[in-house]
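Chain order of the listed sequences is L, Y, S, G, C and W.
FYI, the numbering for the first sequence is 819 to 1067, going by my numbering.
FYI, the numbering for the second sequence is 819 to 1067, going by my numbering.
FYI, the numbering for the third sequence is 819 to 1067, going by my numbering.
FYI, the numbering for the fourth sequence is 819 to 1067, going by my numbering.
FYI, the numbering for the fifth sequence is 819 to 1067, going by my numbering.
FYI, the numbering for the sixth sequence is 819 to 1067, going by my numbering.
Since the hints were made in silico from the structure, they are not lab data.
Among the hints, erroneous ones may be present.
Within a straight-line C-alpha distance of at most 25 Å, the following computed DSS-like cross-link-like pairs (lysine-lysine) qualify [stated by the list, open to error]:
| id | chain 1 | residue 1 | chain 2 | residue 2 |
| --- | --- | --- | --- | --- |
| 1 | L | 1064 | Y | 1064 |
| 2 | C | 878 | C | 1014 |
| 3 | S | 1014 | G | 1064 |
| 4 | C | 1064 | W | 878 |
| 5 | W | 878 | W | 1014 |
| 6 | L | 1014 | Y | 1064 |
| 7 | W | 1014 | C | 1014 |
| 8 | L | 1064 | Y | 1014 |
| 9 | G | 1064 | S | 1064 |
Computed from a predicted structure; not experimentally measured.
6 protein chains.
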Amino acid sequence: MTGTPPPGPAPRTVLIVSAHAADFVWRAGGAAALYAARGDAVHVRCLSFGERGESQGLWKQPGMDIGTVKEVRREEAARAAAALGESLDIDFYDAGDYPLVVTEQLQERLVQDMRALQPDVILTHAARDPYNLDHQLTHEFVLRCRMIAQAAGYPSAHPPIGAPQVLLFEPHQPEQCGFVPQLLLDITPVAETKLKAMQIMGAQGHLVDYYTDLARRRGVQYVRNGGDRGAVHAEAYQRVFPVTAKELV
Amino acid sequence: MTGTPPPGPAPRTVLIVSAHAADFVWRAGGAAALYAARGDAVHVRCLSFGERGESQGLWKQPGMDIGTVKEVRREEAARAAAALGESLDIDFYDAGDYPLVVTEQLQERLVQDMRALQPDVILTHAARDPYNLDHQLTHEFVLRCRMIAQAAGYPSAHPPIGAPQVLLFEPHQPEQCGFVPQLLLDITPVAETKLKAMQIMGAQGHLVDYYTDLARRRGVQYVRNGGDRGAVHAEAYQRVFPVTAKELV
Amino acid sequence: MTGTPPPGPAPRTVLIVSAHAADFVWRAGGAAALYAARGDAVHVRCLSFGERGESQGLWKQPGMDIGTVKEVRREEAARAAAALGESLDIDFYDAGDYPLVVTEQLQERLVQDMRALQPDVILTHAARDPYNLDHQLTHEFVLRCRMIAQAAGYPSAHPPIGAPQVLLFEPHQPEQCGFVPQLLLDITPVAETKLKAMQIMGAQGHLVDYYTDLARRRGVQYVRNGGDRGAVHAEAYQRVFPVTAKELV
Amino acid sequence: MTGTPPPGPAPRTVLIVSAHAADFVWRAGGAAALYAARGDAVHVRCLSFGERGESQGLWKQPGMDIGTVKEVRREEAARAAAALGESLDIDFYDAGDYPLVVTEQLQERLVQDMRALQPDVILTHAARDPYNLDHQLTHEFVLRCRMIAQAAGYPSAHPPIGAPQVLLFEPHQPEQCGFVPQLLLDITPVAETKLKAMQIMGAQGHLVDYYTDLARRRGVQYVRNGGDRGAVHAEAYQRVFPVTAKELV
Amino acid sequence: MTGTPPPGPAPRTVLIVSAHAADFVWRAGGAAALYAARGDAVHVRCLSFGERGESQGLWKQPGMDIGTVKEVRREEAARAAAALGESLDIDFYDAGDYPLVVTEQLQERLVQDMRALQPDVILTHAARDPYNLDHQLTHEFVLRCRMIAQAAGYPSAHPPIGAPQVLLFEPHQPEQCGFVPQLLLDITPVAETKLKAMQIMGAQGHLVDYYTDLARRRGVQYVRNGGDRGAVHAEAYQRVFPVTAKELV
Amino acid sequence: MTGTPPPGPAPRTVLIVSAHAADFVWRAGGAAALYAARGDAVHVRCLSFGERGESQGLWKQPGMDIGTVKEVRREEAARAAAALGESLDIDFYDAGDYPLVVTEQLQERLVQDMRALQPDVILTHAARDPYNLDHQLTHEFVLRCRMIAQAAGYPSAHPPIGAPQVLLFEPHQPEQCGFVPQLLLDITPVAETKLKAMQIMGAQGHLVDYYTDLARRRGVQYVRNGGDRGAVHAEAYQRVFPVTAKELV
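Could you put together the complete structure from these sequences and hints?
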């Protein structure tokens, strides 16, 4: 980890819910690295390994089977998480992909994780993605689990959560998904860190250039929207809820 | 001024552009008082006095004429501004209301004010208001003047401005105007200050209760969205541009 | 006039603002006839004759000039209005078309008409029409004049108006204009009346079939949405403002 | 019941589908009381008691268990319904909350209720609520059951229903839910009745002030949108389908 | 088949997914006939027969039972398909209607059909239809199956599909469904063919006039939007994904 | 010009309306080069030189004056146009920028150009751009002139135009402008051509990398949406009107 920790009160607890094992790296790797660098507790939950739908490279190898794909993806994602921050906590729900299927068990697991972790903020997918219904299902699933985890009467060893903000990371083709950036995050201090993490996700190597280009583009917009000129790379986010503030920003 | 100054780096320069003389009080009085309390430079520019369309009480008085209405409104607005913060700077463009008419002269005036003031943030009306086209005209006018003030080749004694955020305050009937709160501002520390300022705007006295009720409602939502429970009054804002940040919030 | 007057309290004052001389016939002819049949006062104001842009048939005649086109259109529109209801009041502002240009004089004229007429309801064009910017300009112009006519301090021999509903009639290609029907009006009792009025508008004769088909389609939808099965023809409207009611409907 | 019955043809059959036991009181209590006062048959169906997610007060009591919470909520909701109108019919489906789960059995029950009741109008939640997915699930569930109940070939002892309007009551934070008021209902005659009903819902007592404030705000808007000046309290509604009418309103 | 085949490279594979047995006839019959006429392989998959919800005429006959309704609908739809083009391939999934229920088996069936057929383009229902939730469920189901069929690791005897465009045909009340025509298809050469196919769907005979009127209306718009004047009938479509092109059109 | 001409019927007439002298290069340079390469007649009309607002580099030079800036920009834009295609016709209206002001004379000029050129297709800016109101003004201005040029009765030496499609090129920050790509154009054959043209626009050199990155990103999406894998660079467009077609694509 080479970046400088950003300013602000610490530490916080961050929960990132990723439909497939690699999504959090491409879309929120910079935020994860920034959080980790400042001492926040970052927890990643991958609902699936993306074993069927996002592992084309592996499936081209002769004799490949789904168990092996899962293992490779698990190992890659774990290494990528460690590259983003040594303290990153990552867990895999292994719920299957293409399609992801939400069951009562899966719901119970995420709700109890939310209860145990008490996140200050949650990162996940956008509300709509006609290319990838696993992503939009994850969005709705996260909102539902957040609601359940807030319920005073839901049985749990842990107390109800408060009202953490939900931040949506950028889908692959944002305009088709109704995604509108509300927050551009300067990830310049951790750009190399994110690059390394992306390079570890070998099964989807063609995306490294794509997301590096995207980060540069968002970096230009960061400066255009009044950010300091030192910023070169950025990630875009949209909020689900209004922020509460003591001053206007 | 009774509130405690909010935290954060100071001082900043704030520009509030109000279509009519009273709009900034009802809709952004809390923000103005907070800014002033923390030592920011707050500049209010009223494009008109609201002399025709927002002074019903005065027009009911026998023998009233437009010059008198303007003077009363000017004096009220100036007093309300002073109540929000002694340091508040207020100016009146006297461009006429119902309808507000944008001329080249008016544009030149606001552009040069922006150049001279170099605002860090601009507050104004929302993009759409089918009840009051002066408001939506003001929105577009502010965006246009901001663009002109950014132009390197525009003749001026002052340098071009940067890219200040534009924050939209809440219209009277927000759902009809497509207004979606993105930021709830805790104005509890200045609630009494705002109340006094509103009471000064005698010509539209029936609105004091309305906006006090509204602030309480936004205050409940402030807490519901994760804000601290000490908040009782809040104002809602929508941003035109994405924010740039060093960390996710 | 062959239709049976619809039920309800009477009489009301209705103002229809039409960008071109024929628009009110195609789009709101049924409503106009229904209003007239029940004894309401219906006033039509045509901002232009549609002399340049909606009189193709006339311009194909050799030696045609703009004065003649205007006269023919005026005469046709006046006859169509009379066909919709003998009591219909129609006036022509002759403000030019393609493009319609809004001047201070035009605005003063419509505002004073609104003041004098004190309409209970206003019918006009939808907010957006990429095919015809005269239509969307008329929409905004009507909302602006309504606002001005409400202003207590606007000079006039007549008192300010209240808050009349603004109903938008259906544009030619509704989906491209963001038009969403909120009210389907049964015009079956006046279908023949409207047909006669449309047939009078000879310069745009090809539209008679189009709008007859459309009325049948809206009629089917009228029944589909719970209306009585006797309805065969309908017109669609969208409201600008919420309705106020003593009971839910 | 202190209010004066509103005008109009009677009696009608009204079905209110409430996700949790208290929703219908806060959001549609005024409409329910008005309907009841004029002799309409009002039927409330609560899909759950809100036992887990909307009973925080009860869960703070030591030794509380879910059976007791349900009983308290059932009793409160039944009393609130009686307060709104002695003739109100209320039933509880006990389908569970946070999350509400739609099963084939639940669907069959609501479909058969619709068939048996033959409602003229249905009231329920809005289409989107990121804070509360039980609400948006209920919206979709009601539309689906309405569709099924219309099907000629669906097995039932009762005939298919027609095409009742579906009216959406106001969510807690309307702008975040895309809720746009299309109809403001004057509930002044039953304001005290609604207040009493709200006060009965002790488990969520903090909401009484919130919804009383809201009703006053909607009341001001009622007058602003042309309603009579006697109105002080109002409720806002959005329609799913266009209305069919014999005259424009 | 009387129409002239349209120009363009051939043959392509077209997949039409219809919620109920008749939808593809009313909404996409012209496209199907055009495709067939030019030698494309057209495959229709009806998820249900519309046996409960779209067979009112049959259910009016005494002693009718669901097995008979299904048989009549199957036979009608098969004959209609043959009328649209002798080569049309039609299959019925018999998944039930009102409501359509998506099961794992149904999903597997459509995914494998997509894999086997390798469609160049898919036609189906629009994303939203408050009147008919079977339609919007079908939309989402098709997008999900398309995503699954693209997954390299999904078990199948057939290779993954590419990225076929999804074209949405017109819902019954398009404005209520957010449907915006992006493509108007000239179906004049096959208008009689479509008429015959519609007439075969006897159980919903009242719709023949409705969809014939609609086709004429879309035909007028075809010419209005720059199409050749020979066009009289058209169908409207909306795309889910951007088109890729070698030149701008 | 190094690209291979794309297939299709030729020649067509293309009109590109650019708010400032450089916009057409960054945003539609690929399309212009492709059109030119296939023998179409491409006409560019720059409403202003972008002399005040888009020439920061020039204004940093000591002693610069507006006449010189205009001349440099004119010369650069003319050379860039020639680089895109030797046959490109470019003209400058010199209407001023920041703000662009639409006058009757400007309107007459563009209308008569449309009449004289009879374009088959028009390219211009998107409908909304909060960063640059010159752009959205140009959008509306083009739609208005197109409407006027269609009017049979508008005085001109040239006949009325038909109904050319209007294609919107991509704004700088598309999501903030509501821009949704409907068409991805493969500009790989002319990527080097466009690069040279962009490099000529020295006054805004920092944009070359930005738009090269963007083209690569749109190129990846081109392939992702089913385009051939040979594509590397693409431009995105949105249509104002539905296309008319003889077959579905």
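Cross-check of the supplied hints:
Annotation: proposed proximity of residue 1064 of chain L to residue 1064 of chain Y holds, straight-line Cα distance about 18 Å (limit 25 Å). Between the alpha carbons of residue 878 of chain C and residue 1014 of chain C the distance comes to roughly 24 Å, so the proposed pair stays at or under 25 Å and holds. Under the criterion of a C-alpha separation no larger than 25 Å, the hint pairing residue 1014 of chain S with residue 1064 of chain G is consistent with the structure, at around 21 Å. A distance of roughly 41 Å separates the Cα atoms of residue 1064 of chain C and residue 878 of chain W; the hinted pair therefore is violated under the 25 Å criterion.
Distance hint between residue 878 of chain W and residue 1014 of chain W is fulfilled; the C-alpha atoms sit about 24 Å from each other, no more than 25 Å. Between residue 1014 of chain L and residue 1064 of chain Y, the direct Cα distance comes to roughly 21 Å. Compliance with the 25 Å bound is thereby established for this hinted pair. A threshold of 25 Å between alpha carbons decides the hint, and for residue 1014 of chain W with residue 1014 of chain C the separation of about 58 Å lies outside it, so the pair is violated. With a C-alpha separation of about 21 Å, the suggested pairing of residue 1064 of chain L with residue 1014 of chain Y holds against the 25 Å cut-off.
For the proposed pair residue 1064 of chain G and residue 1064 of chain S, the alpha carbon gap of about 18 Å is at most 25 Å, so the pair holds.
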